[in-house]
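Number of protein chains: 2
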Amino acid sequence: MQHYFTNNTLSLNETFLMSNDIAHHFISVLRSNNGDKFEIVDSNHRLFIAEVIDKDVSKAKVIEIKNKSVELPVDVTIICGLPKKDKSELIVQKATELGVDHIIFLQTAWSIAQWKNNKVSKKINRLSNIVRSAAEQSHRNKIPDVKYLDSINDLLKESYDHKLIAYEESAKNGEKADLINSLNNTKPADSIAAFFGPEGGISPDEVSRLKENGYKTCGLGPRILRTETAPLYFLSSISMWFDLLK
Amino acid sequence: MQHYFTNNTLSLNETFLMSNDIAHHFISVLRSNNGDKFEIVDSNHRLFIAEVIDKDVSKAKVIEIKNKSVELPVDVTIICGLPKKDKSELIVQKATELGVDHIIFLQTAWSIAQWKNNKVSKKINRLSNIVRSAAEQSHRNKIPDVKYLDSINDLLKESYDHKLIAYEESAKNGEKADLINSLNNTKPADSIAAFFGPEGGISPDEVSRLKENGYKTCGLGPRILRTETAPLYFLSSISMWFDLLK
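Quick mapping for you: the protein sequence lines, in order, are chains X and C.
Residue numbers 1 to 246, in UniProt numbering, belong to the letters of the first sequence in order.
Residue numbers 1 to 246, in UniProt numbering, belong to the letters of the second sequence in order.
If we strip away everything but chain X, and leave its shape as in the complex, we get (with noise of 0.2 Å):
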């Protein structure tokens, strides 16, 4: 079943008109008449079926509520030195089926790409509109938010109850427990963020920065992952451990 969001909140019986979007998506693209069932998640992140009940001014109405939620119980962010190319398209397309909360890019000191400060509001919207497609797809009951910070003093008001870096020297150095660790440590409704260098790495000064601020830094097995892979490995990680072992 197609799977909608709207900003509006919604209950039970309510009829409502669809949103420019959904109306073109679902009636003038997808052909649907009178009677069709989708699913549509209101601004509380609650999940209800609706029924077009006149096409033409594209009216509908909610039939049920469904209590079901597919999100991880806790709130991830991932941060992302600037990758290079189109790699923040496949990194927010990824990570928002895998279930991430925020999503921020960060320009780092050995960031290859460079974001230009008119830019990023282009930028922003186009990765949005990814995330909102991707959400739709994996049927989440929320839509991640991605912003962009131009440095890591920024970064570092940001409040996170377990911050974590992901450390190619842990890997190297063999470590493997700090991420597990970190999870046993992690309760249901904690904020979780977990840091990526770009494909130039994380500056030293980076790290010790971050660590002095709380950072921890892990490996994610042995095997080097590019920039872009990590965060994938680290949010199946997560929903392994949330989703399938607790």
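Errors might be hidden in some of the hints.
Since the list gives no way to pick out one identical chain from another, each pair is judged satisfied if it fits inside one copy or across any two copies.
As the list claims (entries may be wrong) - Only pairs whose alpha carbons sit at most 27 Å apart, straight line, appear in this in silico DSS-like list of lysine-lysine:
1) Lys187 to Lys37
2) Lys176 to Lys68
3) Lys187 to Lys246
4) Lys87 to Lys123
5) Lys216 to Lys246
6) Lys68 to Lys216
7) Lys84 to Lys216
8) Lys246 to Lys87
9) Lys187 to Lys176
10) Lys176 to Lys142
11) Lys37 to Lys147
12) Lys123 to Lys85
13) Lys142 to Lys122
14) Lys66 to Lys176
15) Lys142 to Lys59
16) Lys142 to Lys68
17) Lys176 to Lys246
18) Lys116 to Lys85
19) Lys122 to Lys59
20) Lys119 to Lys147
21) Lys216 to Lys119
22) Lys122 to Lys216
Honestly, the hints are just simulated from the structure, not real lab data.
Knowing the structure of chain X, use the given hints to seat chain C on it.
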């Protein structure tokens, strides 16, 4: 340090001629000189450090044996219903980084993509080159193999100790434990294979045939993953289980 593979066996203090590919990349592209070092894995998956001793004739010498393996302790196969567009390229690159041993692309009933007979060897060549580069970049001790099978009958001739089907319906029904149960039963050196449907999904007939032949369905968390994301989740989970938890 650069990381390469050779089809020969190597031993300490042996001098050898670098293959054309390695010489081209290390000497011509990277402009390395005599005395510059690189990692090289021989046909027995052993890792050595070698040093260029005469770059004009591409001669190198093995100067150190590294007793290091980044391979998973289990032999992992992913079987992917033919995906659309260039998703096969993304799958083989990321799966190699994440530690896969064997990748099979399978023509299934509901595959939207089709590989024409006269294109198969070209496609497999292209994918194998991507795999080799990814294996070099992630410093693997082996290069995964890639093959194409045009029917499920051929797949059923392959033998594995543990056989899984990543099944969306399992995830939708809130099934949580089947992947973990399978991993719990998997001992080092066992082989494990997982089947992932293409965009069109797995036909009920295929699920039945696979189940009759010992495949078990399992969910990969509650969110619906795209065909190219599911194997990456599976491989990350295998790595978390065997590289970090065990």
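Quick rundown of the hints versus the structure:
1. Lys187 to Lys37: neither (37 Å within a copy, 46 Å between copies)
2. Lys176 to Lys68: between (35 Å within a copy, 15 Å between copies)
3. Lys187 to Lys246: Answer is both: 11 Å inside a copy and 22 Å across each meet the 27 Å cutoff.
4. Lys87 to Lys123: Result: close both inside a copy and across copies, 12 Å intra and 23 Å inter.
5. Lys216 to Lys246: The answer is both: 23 Å in one copy and 21 Å across copies each meet 27 Å.
6. Lys68 to Lys216: between (34 Å within a copy, 25 Å between copies)
7. Lys84 to Lys216: Classified as within: same-chain Cα gap 25 Å, cross-chain 40 Å, threshold 27 Å.
8. Lys246 to Lys87: neither (32 Å within a copy, 32 Å between copies)
9. Lys187 to Lys176: Result: close both inside a copy and across copies, 21 Å intra and 19 Å inter.
10. Lys176 to Lys142: between (32 Å within a copy, 21 Å between copies)
11. Lys37 to Lys147: neither (33 Å within a copy, 41 Å between copies)
12. Lys123 to Lys85: For Lys123 and Lys85, both the intra-copy (12 Å) and inter-copy (24 Å) Cα distances are at most 27 Å.
13. Lys142 to Lys122: within (22 Å within a copy, 42 Å between copies)
14. Lys66 to Lys176: between (40 Å within a copy, 20 Å between copies)
15. Lys142 to Lys59: within (23 Å within a copy, 58 Å between copies)
16. Lys142 to Lys68: Result: close within a single copy only, 12 Å intra versus 43 Å inter.
17. Lys176 to Lys246: both (20 Å within a copy, 9 Å between copies)
18. Lys116 to Lys85: Close inside one copy (14 Å), not across copies (31 Å); limit 27 Å.
19. Lys122 to Lys59: This pair counts as neither: shortest intra-copy Cα distance 32 Å, inter-copy 51 Å.
20. Lys119 to Lys147: Classified as within; 13 Å inside a copy, 42 Å across copies.
21. Lys216 to Lys119: neither (32 Å within a copy, 48 Å between copies)
22. Lys122 to Lys216: neither (33 Å within a copy, 45 Å between copies)
Comparing the model with each earlier hint shows violations of hints 1, 8, 11, 19, 21, 22; every other hint is respected.
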